[in-house]
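Colleague: Here are the chains, one letter per residue:
Number of protein chains: 2
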Amino acid sequence: MVSFTDNDIKAVQTIRTLALDTVNKANSGHPGAPMGMAPAAHVLFSKFFKANPSNSKWANRDRFVLSNGHACALQYVLLHLLGYKVTLDDLKSFRQLDSITPGHPELGVTDGIEVTTGPLGQGFANAVGLAIAQAHLGATFNKDGFPIFDNHTYMFTGDGCLMEGVSAEAASLAGHLKLGNLIAIYDDNKISIDGDTNIAFTEDVAKRFESYDWQVIVVENGDSDLAAIHDAIAKAQAETTKPTIIQLRTTIGFGSKDQGTHGVHGNPLKKDDTIEIKKKFGFNPEEFFAVPNETKEIYAGIAKKGAETEAAWEKLFGDYATKYPEEAADIKRRIDGKLPDGWEKALPTFTPADPAVASRKLSETLLAKLSVAIPELVSGSADLTPSNLTRWGNAVDFQPPSSGLGDYSGRYIRYGVREHGMGAIMNGLAAYGPNLVIPAAGTFLNFVSYAAGAVRLAALSHQRVIWVATHDSIGLGEDGPTHQPIETVAHFRALPNCNVWRPADGNETSGAYHSALTSTRTPSILALTRQNLPQLEGSSIENAIKGAYVLRDVKDAALTFIATGSEVSLAVETADLLAKDGINARIVSAPCLEIFAQQSREYQLQVLPDGHPVISIEAYTSFGWGKLAHESISLDTFGASAPAAAVYKKFGLTSDVISTKAKKVIEFYKSIQVVSPLNKAL
Amino acid sequence: MVSFTDNDIKAVQTIRTLALDTVNKANSGHPGAPMGMAPAAHVLFSKFFKANPSNSKWANRDRFVLSNGHACALQYVLLHLLGYKVTLDDLKSFRQLDSITPGHPELGVTDGIEVTTGPLGQGFANAVGLAIAQAHLGATFNKDGFPIFDNHTYMFTGDGCLMEGVSAEAASLAGHLKLGNLIAIYDDNKISIDGDTNIAFTEDVAKRFESYDWQVIVVENGDSDLAAIHDAIAKAQAETTKPTIIQLRTTIGFGSKDQGTHGVHGNPLKKDDTIEIKKKFGFNPEEFFAVPNETKEIYAGIAKKGAETEAAWEKLFGDYATKYPEEAADIKRRIDGKLPDGWEKALPTFTPADPAVASRKLSETLLAKLSVAIPELVSGSADLTPSNLTRWGNAVDFQPPSSGLGDYSGRYIRYGVREHGMGAIMNGLAAYGPNLVIPAAGTFLNFVSYAAGAVRLAALSHQRVIWVATHDSIGLGEDGPTHQPIETVAHFRALPNCNVWRPADGNETSGAYHSALTSTRTPSILALTRQNLPQLEGSSIENAIKGAYVLRDVKDAALTFIATGSEVSLAVETADLLAKDGINARIVSAPCLEIFAQQSREYQLQVLPDGHPVISIEAYTSFGWGKLAHESISLDTFGASAPAAAVYKKFGLTSDVISTKAKKVIEFYKSIQVVSPLNKAL
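If you read the sequences in order, they're chains A and B.
Residue numbering for the first sequence is 1 to 682, as defined by UniProt numbering.
Residue numbering for the second sequence is 1 to 682, as defined by UniProt numbering.
In short, the hints are calculated from the structure, not lab data.
Incorrect hints may appear among the rest.
One copy or two, it doesn't matter: identical chains are merged, so the pair holds either way.
Derived lysine-lysine pairs resembling PhoX-like cross-links, with alpha carbons at most 25 Å apart [as the list claims (entries may be wrong)]:
#1 546 / 345
#2 92 / 650
#3 338 / 546
#4 315 / 271
#5 143 / 315
#6 332 / 50
#7 323 / 627
#8 279 / 92
#9 650 / 25
#10 235 / 650
#11 361 / 270
#12 663 / 627
#13 304 / 670
#14 280 / 580
#15 664 / 627
#16 47 / 650
#17 10 / 555
#18 85 / 663
#19 304 / 271
#20 555 / 323
#21 25 / 649
#22 555 / 361
#23 627 / 670
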């Protein structure tokens, strides 16, 4: 039986006072939750958490997610005590410029941070993704006596996270998937920013999670009953066929004179209150960032044990490699973040003689080939599989084996109609490790917007996540304006570090996948058509992966059309029409503006030179095209419900209308010195 | 006791076959859910629903929301049978160009459609908003013996809607608010696009809704047990302190040989199947769009009763007006969609002598004044009240009276941390009637993105919804890049029919509210600062509501700065700095680009004339500025966690850095013929 000593209590108080000092020094931040959750953090990390602070990238480490990311002072303090690369000076630079301790945890900035959190609910769903990744890798690689992947995913979550729909979506799926490796500790402190949760959040959280088929454990005294916390986590570990949520009743800002109120949630505590708290906890109020030796010793012990745990795993893995050399080599490659040699051969190429095909269908062919070439590719859809065409023929569903519908080695996730949850789960899958899982999943392009919060964090966190976003325009036809994206592509083009692809044909679709898979630090959204697209003269994978290129060059060009996706063939048609009138139009295909922006200035100006006007053609808003085009043929209103051709016609997106406009443009710019839109001072 | 006859059964089969013919004629659409839900629709509309088809705008009508909007063939058929302005020809034009029967229901397009649905989960949350509106207006205006507002809100919802987080958020809040006037009928057909719901959605829905404190009623046979459906709705009506969900087990595509499979979900049925179904239901398979006389009679009777119901209400309202003339006049004004006379006097004006104030604080002052001037204004926040400053001093919370925390006449909604739900609920509030409720609510600008799905539908549906989006830039400081919007404003500027305001000072903030309140067919997002802003020389409400205007004119301008919000005072500082070097810079303040785009071309070219370069300054992505500026000072990466001034400095958003860049721009454009970015051919 486990026992906790006075030193454990001192460690808890150390965590509390360190978090307090961290927030006070910054004069900004959230002291309440760290002080309330210090006991749970101490119990978890001292008794259960399996990780090696000196190698935060060990593949089989337990994962910890602070879904209530505003409580990050707690996490930074723990990382410091455990011996990750977080010093006391780092704690003292909390929320300061270029420190490694920003206002909310950011993946890639701080050693030991697994995912970026703060936007509420995201971390919860990331944790579900991390748990799926473990279950999948375990089922794929573990052998009798060789539990290579058997880590747990632990998550702290607060009331705020649990009010968000994204966590509800992920929780329902996690229950369905029977993720016994997932343990959430719910900081049930009954306080959010507006005050007592009784003003907006009176649902029975325990019952809700039971309805999702989670195990629910209640700990009545999370403030000081370390043994109860311990027993709850132990019980959670023992339940292997259900995720667990431990409803931990805590007092926010424990120790403060304002404890239990929203006064301690999001602002530093007053000086006199801080003094009294330190006295109460047996600390010298004149001393700051104090760590008693006893606490140092406990945490040094944890770190040592962690290093031993990893060493034992390394030995196990060595034996595994002897017995299962092929699997071990694959694991090693994946941990090293390398794609399999020759994977690119799976990318098909096309000639203009090949038939017209919808790019969603091209994507289906690609996924089938890539699924063989890249075993870490895990696909899925938010209940639009037959529309997104994201499932290869012989795919196995990722399902609990007891369901009879698949098993955990399956590489196709049925996310349900849960776009936001899907996005955040994909971020969690990607966070498990560079090539351990590469997540791709589908929905209609228009509904990627439901997941905007998750896409944003993939971009901020530099994660390789692939959105297969079909039905990418008014070309979807009859479903109408509720389903036809107008602003969606502009939205994600405006997002930093997000590649938005809109391939025009087969070669460009192959290029899009090439880019998405090799952009290891950037999410990609592949906007794909419902309708067929002809194979273009002049396209190639090599051209596509430059982001934009001259598809058709002409002598004495009167203008350049720059177009994307389904509108490139429209540009070709229009250019052909203009040629009959003796007007020479160049055509630039621009499947990915973000990647084009990364090319040399010289190349960019070759593609869009001075001297003649550039007209963009895209069946979306013109917003954003001013950077690349003098004039835009676009759709700046919502679409319409009708067969696709009728909708294109209604909005003047036909070669005859565009050629007339093109003539007007040529005329207008005759009297003006035409400078390339890319020719800029700044 | 109610009884159903053979004619009722015939009516149900008529609904089914009409829906079938509608989808078949379009050769596109969803036959399954309409055929499954026909019995519920018939029972609801024939026995309960209180509305007058010849006046679809009657204020106290029951509201019906088809949250599973893809089933709209059902709704169009019902509207036709009930006598709304939907003809058989309209059914025959389903999903065709410019018809009034688009692929998903659209508010404003079809008589009798209350909200736009199709994007899953939205309608569910809209219905919660409609129910809140009724509860609020009832509590505000009803008197003993005068139930002026006492309608119900009914909603059909499917598995897809219930998987979405937005519905989960709204459901939790609806339970908290004890909305006894809300009745959901859940089409529990166990089928979604990917197939059987057992592949992704195995939660216990009934238990989940119980956890939200809803009444749950199960009807085992929704395919034919009309009496059970009737009893369930009656029981739902009897429960006045809880919303109700009726879990109705149905067979998707009832009658088809493929009934109960996803084969009947989203595609027209085959010809032979259609023939067999019609035979089975006693219809002539050679006849299309057939409505038996018995069915016509039933529905004529319903319509007649509806007209009588409204007439009785009109009489009641007449008596009410005699007894309570003031209240009646207010109701009448609001139904007529007019703001109170003289409301504009509540908008404060400022002079440069007034102190610097954060625009969120200016908004707080405005809301306090407007709350008095405009009684239909209902504010709220997604748990950020002390940050958004959306609550006026003496506001009463909208809460169930039994909570002791407010009552239903309250005009401040505690939405909880549920941004997407909040957005969709606001759309429902606005949909109740033009000036019956004007919803406004707050979150951080960055988290409006969580609600993108709802904002989009407000725009598409032409709804006046006001987002109070504070902490609008890196100026929020320490919370860091997870909370600092970069792409957000570009996203919503790219969205058709959405006004994005970024006021620079007090006068512009008043202008923003003026515009938001008078833009009756457009949602507005007010991006407001955390940090203080000086009151500018040259600003005024009149200027602001042009969208952009010359804040400072100069002779022989070398350049124009166009800036928004907090960056306008930065432009002023920079211009002052340049003046010291003898460089004359004009300044354009552009609080709302969408409204500027609606001004005359002449005015626009006055603001941004030919002849010198225009530089935009905005602490967001440059994406989209190419339309208005030659060059952009912007922030095309994510922000940073640090005090605001340090973050601005890090990204070169200071007057010294900008003035250096401005000189470079002036030099560059000396050799180029400078044409206004607004001077275009198209």
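Colleague: Could you place residue 25 and residue 649 in one of the four classes (within, between, both, neither) given a Cα distance threshold of 25 Å?
Modeller: Only across copies: residue 25 and residue 649 sit 22 Å apart there, 63 Å inside one copy, limit 25 Å.
Colleague: Under a CA distance limit of 25 Å, which applies to residue 315 and residue 271: within one copy, between copies, both, or neither?
Modeller: Cα proximity of residue 315 and residue 271: none, with 51 Å in one copy and 66 Å across.
Colleague: Is the C-alpha distance from residue 280 to residue 580 at most 25 Å within one copy, between copies, in both cases, or in neither?
Modeller: neither (88 Å within a copy, 59 Å between copies)
Colleague: Could you figure out if residue 627 and residue 670 sit no more than 25 Å apart (CA to CA) within one copy, between two copies, both or neither?
Modeller: both (21 Å within a copy, 20 Å between copies)
Colleague: As a check of your reading, is residue 10 near residue 555 (CA-CA no more than 25 Å) within one copy, between copies, both or neither?
Modeller: For residue 10 and residue 555, the Cα distance exceeds 25 Å both inside one copy (80 Å) and across copies (71 Å).
Colleague: When no copy is specified for residue 555 and residue 323, does a C-alpha distance of 25 Å or less occur within a copy, between copies, both, or neither?
Modeller: Answer is neither; intra-copy 65 Å and inter-copy 83 Å both fail.
Colleague: Reference check for the pair residue 304 and residue 271, CA-CA at most 25 Å: within, between, both, or neither?
Modeller: neither (37 Å within a copy, 72 Å between copies)
Colleague: Evaluate residue 663 and residue 627 at a C-alpha cut-off of 25 Å and name the case that applies: within, between, both or neither.
Modeller: both (22 Å within a copy, 21 Å between copies)
Colleague: At most 25 Å between CA atoms: does that hold for residue 323 and residue 627 within a copy, between copies, both, or neither?
Modeller: neither (58 Å within a copy, 63 Å between copies)
Colleague: Is it within, between, both or neither when you check residue 332 against residue 50 at 25 Å Cα-Cα?
Modeller: within (20 Å within a copy, 67 Å between copies)
Colleague: Since the copies are identical, ignore which copy is meant and state whether residue 279 and residue 92 lie within 25 Å (CA to CA) inside a copy, between copies, both or neither.
Modeller: within (21 Å within a copy, 79 Å between copies)
Colleague: One pair to classify: residue 546 and residue 345, alpha carbons no more than 25 Å apart. Within, between, both, or neither?
Modeller: For residue 546 and residue 345, only the intra-copy Cα distance (19 Å) is at most 25 Å; the inter-copy one is 57 Å.
Checked against the numbered hints listed earlier, the structure breaks hints 4, 7, 10, 13, 14, 16, 17, 18, 19, 20, 22; every other hint is satisfied.
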